[in-house]
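Trainee: One-letter residues, chain by chain:
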Amino acid sequence: MKGNPKLKSSFHKILLALLLTPLTAIAEWGLNMTQGVTPISREIYSMHMVSLWVVTVIGIVVFSIMFWSIFHHRKSKGVKAAQFSHSTTVEIIWTIIPLAIIIALAIPATKLLIKMDDTSEAKITVKATGIQWKWKYDYLDEGLTIYSVLDNNSAEVSQRNSGIDPMQSENYLRDVDEAIVLPINTKIRILTTAADVIHAWWVPDLGWKRDAIPGFINDNWAIIEKVGVYRGQCAEICGSGHGYMPIVVKAVTMDDYTEWVSEKKIEQEAKNNTKDMVLTKAELMTKGEGVYKAQCIACHQATGEGIKGVFPAIAGSSVAIEADNRLRHVQQIIYGKGLMPAFGEQLSDVDIASVVTFTRNSWGNNTGDVIQAKEVSEARTKPNVITAGDSKKEKIAKGNIDELTKAR
Amino acid sequence: MSTLAHDDHHDHKPTGLKRWFFSTNHKDIGTLYLIFALTMFFVGGSMAMIIRAELFQPGLQFVDPQFYNSMVTVHALIMIFGAVMPAGVGLANWMIPLMIGAPDMALPRMNNMSFWILPFAFALLISTLFMEGGGPAGGWTMYPPLVLQTGNAFPFLIFAIHFLGVSSIMGAINIIATVFNMRAPGMTLMKMPLFVWTWVITSFLLIAALPVLAGGVTMLLTDKYFGTSFFDAAGGGDPVLFQHIFWFFGHPEVYILALPAFGIVSQVIPAFARKPLFGYASMVYATASIAILSFFVWAHHMFTVGLPIKGELFFMYATMLIAVPTGVKVFNWVATMWKGAMTFETPMLFSIAFVILFTIGGFSGLMLGITPVDFQYHDTYFVVAHFHYVLLTGAVFALMSAVYYWLPKWTGYMYDERLGKIHFWLSLISSNVLFFPQHFLGLAGMPRRIPDYNIQFADFNAISSIGGFAYGLTQLLFVYIVLKCALGGKKAKPRVWEGAKGLEWYVPSPAPFHTFETPPKLTKEMLEH
Chain A
-2 MKGNPKLKSS FHKILLALLL TPLTAIAEWG LNMTQGVTPI SREIYSMHMV SLWVVTVIGI
58 VVFSIMFWSI FHHRKSKGVK AAQFSHSTTV EIIWTIIPLA IIIALAIPAT KLLIKMDDTS
118 EAKITVKATG IQWKWKYDYL DEGLTIYSVL DNNSAEVSQR NSGIDPMQSE NYLRDVDEAI
178 VLPINTKIRI LTTAADVIHA WWVPDLGWKR DAIPGFINDN WAIIEKVGVY RGQCAEICGS
238 GHGYMPIVVK AVTMDDYTEW VSEKKIEQEA KNNTKDMVLT KAELMTKGEG VYKAQCIACH
298 QATGEGIKGV FPAIAGSSVA IEADNRLRHV QQIIYGKGLM PAFGEQLSDV DIASVVTFTR
358 NSWGNNTGDV IQAKEVSEAR TKPNVITAGD SKKEKIAKGN IDELTKAR
Chain B
2 MSTLAHDDHH DHKPTGLKRW FFSTNHKDIG TLYLIFALTM FFVGGSMAMI IRAELFQPGL
62 QFVDPQFYNS MVTVHALIMI FGAVMPAGVG LANWMIPLMI GAPDMALPRM NNMSFWILPF
122 AFALLISTLF MEGGGPAGGW TMYPPLVLQT GNAFPFLIFA IHFLGVSSIM GAINIIATVF
182 NMRAPGMTLM KMPLFVWTWV ITSFLLIAAL PVLAGGVTML LTDKYFGTSF FDAAGGGDPV
242 LFQHIFWFFG HPEVYILALP AFGIVSQVIP AFARKPLFGY ASMVYATASI AILSFFVWAH
302 HMFTVGLPIK GELFFMYATM LIAVPTGVKV FNWVATMWKG AMTFETPMLF SIAFVILFTI
362 GGFSGLMLGI TPVDFQYHDT YFVVAHFHYV LLTGAVFALM SAVYYWLPKW TGYMYDERLG
422 KIHFWLSLIS SNVLFFPQHF LGLAGMPRRI PDYNIQFADF NAISSIGGFA YGLTQLLFVY
482 IVLKCALGGK KAKPRVWEGA KGLEWYVPSP APFHTFETPP KLTKEMLEH
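Residue numbers (the numbering used here), protein chains in the order written: chain A, -2 to 405; chain B, 2 to 530.
Among these hints, one or two may not hold up.
[What the hints assert, rightly or not] In silico SDA-like links for lysine to any residue, alpha-carbon gap of 20 Å or less:
| id | chain 1 | residue 1 | chain 2 | residue 2 |
| --- | --- | --- | --- | --- |
| 1 | A | LYS74 | B | THR344 |
| 2 | B | LYS340 | A | THR85 |
| 3 | A | LYS223 | A | ARG186 |
| 4 | A | LYS278 | A | LYS223 |
| 5 | B | LYS340 | A | HIS70 |
| 6 | A | LYS72 | B | GLU418 |
| 7 | B | LYS340 | A | TRP65 |
| 8 | B | LYS311 | A | ALA101 |
Keep in mind that the hints were calculated from the coordinates and are not lab data.
Work out the full structure, taking the sequences as your base and the hints as a guide.
Mentor: Structure follows, in structure tokens:
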């Protein structure tokens, strides 16, 4: 670039702009790993900082030597190249020094890892199950189950070209309809598993993430030391809704936790007993729209059109139009079908009734049908028409059993 | 200066379609590989542009999440198998026979086949994007059960991978056969240029690793269509087994991409420092140790799957150990520059940038290797930044360096040095604007492979995208420079660079269609490196 002052000055301008950006950035934006709110997360943070400083210092030393050489050992300065090509002493030294640094880093890392591995003496155990695309939490000691789905606001804003500016909502894609509540200063064991594909449960403030794998149960633990709301999200690609399954942990005092558990139990009791509820069509439609946005929109889209070749459309679908298919429609939500997960456990009778009513009366599906909770409750006891007879899987399974018995 | 080959006009070469489709000439096949790699670099790059456009702002503006995921997936597959690997093989084809004094590759017809498989394999892969249900969208790592949810694209993906594997294995066999059988008398193994050494070692990695991948994806295929349950827990299988198989291939694959880059830089730096490569023997041993170690570290990609603690400790130690031979290489390059008489033409600039930026990628790699801290870093943008530092500002910068270094030998003309330098500086700045902020994003908690994000990540994503667009545009300049150089310019001398060592500089520029038809008589001078 020698002898081109114009180019040089514009280059300097760019360089200056680049240098200034990080300075303002440090003030405004999160640049570093969180220290978190558990003893382990703090240890992880300091190990991160130590290794960051170690590599920074190595970098500064090595690159300084290199740049010194670049500035001084250049042909334009009339230097004549030396012709040495090896030195055993130097080579031994620069093999041993990195080795020593690595050992120094590995020792504390080993200790921390052993500490993290010990999940014994946990007071509370919560099982987190990843499902496309929500989290299910089982409080194993309390017999309590909650489902945690992306909040309606984020779901609406995140639709393609929704026209709503995400910058307006601080917790965009980081909020759920129902947070997981955990007590502070208590050793909590968090088990992770999955129902369909692999997910990963991650709240940075707790210091770790762990894969949630179908057929496996991983265990982890945390002692949260501060009351607060801690946010994270699924960290393993799990399909089109991967970016839309946040995790929200609400850490409260032990007293508040106990109170929350008992309230939740009463609430769920009521929720599980909705089979006698009778709503007007307008009420069902409003409620159904809410359920649809929370549970269905990720695949079937706001338009009910789905995504061609991946997620079937509900608009114009025979299941959602034909009168003969009312039972099939309800049962498909209860039991799931193919990629579609089963919602029977998660949704109450009235939830299912309202979402079926909503989908049978939207996007041109003008059936005029009104489904009440009672119909759903009855559908739960009727034989499953989704897998009945025509299910290839059932046939294969049955065939195998027959063959096995024959072989015996 | 003496040249070892006769002039171009004595050559009898086929012309037209016949020359390119039926070619068994290592130089023509090398050219085909390089052109193909550059094309794929732009195809994969345009997918990266779609990704960066969608991530420019929070909210979903351009594509659906499903398509976004398929962009992420296919971008990776194309860049790894379509751009970086074929570019490396192209260089190997062109240069290895010239560097060891061989008339051609040992198995010329297989050479032709291993190239011509590639366009068909990528046609299969890219065609899936136009199918109902879209392309593969489970990430290039193809983890089951997610990948088993792929629609019609699934068998195309699997067969494309099989083809790519076959092509690479044939290429590797060819390189090994050439190097072990066709060296000119006097070119002993420890006299070979380092680029040849790194490619021999890479070839062994390819032969050992790719069949494992082929086995793994075949098991996916039977799981989906033939009722097996290798990876289905409900059928007694194990989804994590696939990850072990995949990364047993995947980690050596990382070095398949990186080792030829080490070789290139080890050619370029001594040439422009006008000084012999420091620690030649230790470079060879370090490359071999990296290659061997690469088979014992695969589970560091899987620290969060819930390995037993003894496994996690083993893989942490083994991973950290790789820093030692890699460090040796970096120190050797710096020592080669030390007390040299350096000039800074474009190849040297790219090689120096490689040393610095690859080392930065190595630093974040060391940090990622510390298991407890990896529990935070894993699957975040910190990882994305890490592997783009080693693969883009690492491997791709080295490949750029190689193209500028040998382009005059291939075309017979000098490239435009001023434009080359502009290309370098723009690439250097834009790639750092593109990838450095991604470290911060990852540390702040942004997972990878998401189409949309919380507003706390908005600023760095915007910066990163601007860097991305700038980097993408800059590469058009590279195409212009290469085309301009191919069409004419200042005539190149046989020894293009004053300080360049090695046999390739003893043949005329452009290198004639046939070289070393009779084994050259090597002098001491020709064997220096």
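Trainee: Decide, hint by hint, whether the structure agrees.
Mentor: A quick look at each hint next to the structure:
no., hint, in the structure
1, LYS74/A <-> THR344/B, "holds (10 Å)"
2, LYS340/B <-> THR85/A, "holds (18 Å)"
3, LYS223/A <-> ARG186/A, "holds (17 Å)"
4, LYS278/A <-> LYS223/A, "violated (46 Å)"
5, LYS340/B <-> HIS70/A, "holds (5 Å)"
6, LYS72/A <-> GLU418/B, "holds (18 Å)"
7, LYS340/B <-> TRP65/A, "holds (10 Å)"
8, LYS311/B <-> ALA101/A, "holds (19 Å)"
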